[in-house]
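Trainee: Listed below are the residues making up each chain.
Number of protein chains: 2
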Amino acid sequence: MNQPVAEPLGSTARTRLRRLPEKAATDRAALHAVLDAGLVAHVAVTDSSGPNGAAQPYILPVAYARDGERVLFHGSTGSRLFRGLAEGAPTCLTVTLLDGLVVARSAFESSMQYRGAMVLGSCRMVPEGEKERALELITEHLMPGRWKELRAPKRKELAATVVLALPLTEASVKISDGGPTDDPDDLDSPVWAGVVPLHEVYCDPVPAADLAPGIDVPASVRTWRR
Amino acid sequence: MNQPVAEPLGSTARTRLRRLPEKAATDRAALHAVLDAGLVAHVAVTDSSGPNGAAQPYILPVAYARDGERVLFHGSTGSRLFRGLAEGAPTCLTVTLLDGLVVARSAFESSMQYRGAMVLGSCRMVPEGEKERALELITEHLMPGRWKELRAPKRKELAATVVLALPLTEASVKISDGGPTDDPDDLDSPVWAGVVPLHEVYCDPVPAADLAPGIDVPASVRTWRR
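Heads up: the sequence lines are chains A and B, in that order. So for the first sequence, this note's numbering puts the first residue at 1; every next one is plus one. So for the second sequence, this note's numbering puts the first residue at 1; every next one is plus one.
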C-alpha cells in the first residue's frame, strides 16, 4: 500500500513537548512500539456545524493497527464524525498505555507511569481495493492469528465499513517509566514511596452462548497474552 | 462546592447515540459508575490559532475524579491547551474502559466489550479556595486512602496547578457487555466464538530507590485492587 516514507520523528511546533520535555522519546521506533502495544486509540474530530458555530471537539475510541508509517482505523459509513474525518478534517489520534501509579511522598509529585503516542494530521479514506487488507491488519492487531480462522468479509460488510489512514508524519511519544522524584525536603519524611505497576491481563475465554458443543478454543485465542 | 443539579441524562442532538443506540445507557448512575471506575480520561481541546486557521483538535490524557455532578481534572498553569480549556473552550471528555475482546465468527462482527462515557461542555477553573479539596478528590480517586498519609500541598504547588471542572450536564454512556452477535449464516460454521475478558491488575508495589530502610508499604497501597 501507498505509505509515507519513514523519517526520524521531526519535532514541529505542534508536537514539541512543552510539559516535561525530558519524557519525550523522539525516535520512530518508540512511536511504533507504543502504537503496536495499544488496543484502543482515541481519535478527535472537531465539528463546527453547531448552532453557534463554535468548534466542538469529539473523541471517538477506535480499534486500529499500525501499517508501516500510518495508522489504520475503521468506522461505520453512517457516522457523521467519520465522514468528517474521511473528508480530511484535522485530527489527533492518541494511544495511552497506563503502566503504573507513581506513589510519591507528596500529592504534587504523585503521578502515573505511562506510554503515550500522539499523531496529528488528516486522514484519507482507504480505497475499496485495499480495504480488505486494511481490515485484516486491524483484526490481526487486536486478535493475532484470528484472520485466517475466519471467512472472508462479505461485499456488504466491506461496503458498510470506512477505513481511514492517518500518516505518521507529525507525531510525538511520551514515556514516563521512572519512580517518584520527590521534593528534596520530603526525602527525610517517614512516608513510603514507590511504584505500583499496572498490568492488563486476558482472563480465560468464555464461549458464546450459541456455540455448538465440541468446538475448542482456537489456536489464535490460546496465544493471546498481555 | 458549587455543583450542577443532578438530572436524568438528557439526550441532546450531540449526545444521542446514532451508532448502535441499543448500547446506550441513559441513566445517570451508569455514567457515574463508568467515571468512577476509570483511572485516565482523555480530554479534547481545539486550537484554531494555527497558520491556516484550521480547527486542530488535541487530546490530553488526564488524571481526574468525579465530584458529584462534575468531573475535576488538573494540569499545569504553563500548558497552552489547559489555558484554552480554562477560558471555556468547548471540550469533550471521555473515559473508555476496555473489558474484553468479542471474538465472533466473522471479522465484521468481532468487536470489544467496553464501557465508555462522553461528556461535552465547557470547563471552569476551580477557584483558589477550593483547589486543595479538588486535588484531594483527584488523588483519592487514583490512590484511595493516600491523601491522609501525605503532607498538605505547599502554596507553590497549588499555584503551579490548574484544576478544571466540567459539569455532567451533556453526556452519554455506552456499554457493550454482550457476546458475539453473529450473522445467522455463520451460526452453523465450525468456528469458535466467545469473549476473552480483559482485566487490569495491580502488581506488587516496588519501593523507590531512595526509600529509607524500614518503611513498610502503607495501608493505602495495600488496599488497591482492580
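No lab work stands behind these hints: they were computed from the structure. Keep in mind that a hint or two might mislead.
One copy or two, it doesn't matter: identical chains are merged, so the pair holds either way.
[Claimed, not checked] Below, simulated DMTMM-like cross-link-like pairs (lysine to aspartate or glutamate); rule was C-alpha separation at most 25 Å, straight line: (1) LYS156 <-> ASP204; (2) LYS174 <-> GLU128; (3) LYS148 <-> ASP185; (4) LYS156 <-> ASP99; (5) LYS174 <-> GLU200.
Trainee: Can you give me the call for LYS156 and ASP99, within, between, both or neither, at a CA distance of at most 25 Å?
Mentor: For LYS156 and ASP99, the Cα distance exceeds 25 Å both inside one copy (40 Å) and across copies (29 Å).
Trainee: How would you label the pair LYS156, ASP204 (within, between, both, or neither) given a Cα cut-off of 25 Å?
Mentor: neither (33 Å within a copy, 49 Å between copies)
Trainee: Checking an output row: LYS148 and ASP185, CA cutoff 25 Å. Within, between, both or neither?
Mentor: between (59 Å within a copy, 18 Å between copies)
Trainee: At most 25 Å between alpha carbons: which applies to LYS174 and GLU128, within, between, both or neither?
Mentor: neither (35 Å within a copy, 30 Å between copies)
Trainee: Evaluate LYS174 and GLU200 at a C-alpha cut-off of 25 Å and name the case that applies: within, between, both or neither.
Mentor: both (20 Å within a copy, 21 Å between copies)
In summary, the numbered hints that this structure violates are 1, 2 and 4.
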